[in-house]
Amino acid sequence: MPIRGGGFQRKSKAASQIPTCSMADIAFLLLIFFMVSTAFRTERSRIIAWPVAEATEKIDEKRQNIVHLWIHADGQVWINDQLVPIPQVSNVVAPLYVATDRRLVVAIRGDREAPYRFVDAVQKELQEAGAVRVTFATRLEQMVTREVR
Amino acid sequence: MALLNPKSKVSSDIPDASMADIAFLLLIFFLTTTVFNEEKGLPIVLPEAAEEVAVSQRNVLHIIIQPNGIVEIKRGESVQVQQVRPADVEAIWRQDVAANPNLIAAVKTHPDAPYRFMVDVLDALQSAGAERISLQILEG
Chain A
1 MPIRGGGFQR KSKAASQIPT CSMADIAFLL LIFFMVSTAF RTERSRIIAW PVAEATEKID
61 EKRQNIVHLW IHADGQVWIN DQLVPIPQVS NVVAPLYVAT DRRLVVAIRG DREAPYRFVD
121 AVQKELQEAG AVRVTFATRL EQMVTREVR
Chain B
1 MALLNPKSKV SSDIPDASMA DIAFLLLIFF LTTTVFNEEK GLPIVLPEAA EEVAVSQRNV
61 LHIIIQPNGI VEIKRGESVQ VQQVRPADVE AIWRQDVAAN PNLIAAVKTH PDAPYRFMVD
121 VLDALQSAGA ERISLQILEG
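So the protein sequences, as listed, match chains A and B. Under this note's numbering, the residue at position 47 of the first sequence is numbered 47, and the numbers go up by one with no gaps. Under this note's numbering, the residue at position 32 of the second sequence is numbered 32, and the numbers go up by one with no gaps.
Quick caveat, the hints were computed from the structure, so don't treat them as lab data. Even for Gly, the Cβ is constructed at its ideal location relative to N, Cα and C. Don't take every hint at face value.
Reference excerpt, derived from the structure (chain A facing chain B, CB under 8 angstroms, subset only) [unchecked claim]:
1. A24
2. K58
3. A137
Taking the hints into account, I'd like the entire structure generated from these sequences.
Now the structure itself:
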């Protein structure tokens, strides 16, 4: 008579299955972890007409080191949901520059129709505050007429 | 006798065997639908305050942006003015930088010119690989 199990007797009492009853708890735990740890930027987006550019590239900097500076077509400048008169921009940006350990990147989100005098005045204020790393926020052109290099 | 049949086969428990599947489904749904708004743009480093660098006029390509979007190109001290469209700046830069690798693009924008023309020119210059760009306002 052949021996069952090829001579090996299974005496182990340990279950060979992964316990599945706690799987739901694990999944909900993960769900809640991701929900809680997601930090949202509280700043409201402002409505501007974006300029487009083909050379648009991603900013290689941590999110918390980027400050948005909105320039409306009528010359209003908003930083962190606050209307800032242009001569005050350096006073607002300078503490942010220090707080980010001099790694601040100012993303200028200008309206495409904003006269350049406002953009220039803002640039001079940023230079005064020492925040020389600037990005002109643009949208990638939808119609790709030239081939990508 | 009693109207309620105690032998009903319908289970009174909420089925919890599929709870894990539901939770993972939610997890995967939220993971995939989260869109990070990426920061995109044209980077440039402004000169430090009060930093004046004397540059030979030979190495400067003046790019003057007028309010109507016409771009005027002036090479160094030459009085000759070439009127082009913002998109043509790329070809001009490529051609000129091949002749003079030390070339600096001085973008001078008229105060009344819309911001987008400056972005167009900056886009053209960065598309052409220009790194030495100076942004100024047109005076006088």
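Hints numbered earlier in the text: which of these fail when held up against the supplied structure? none
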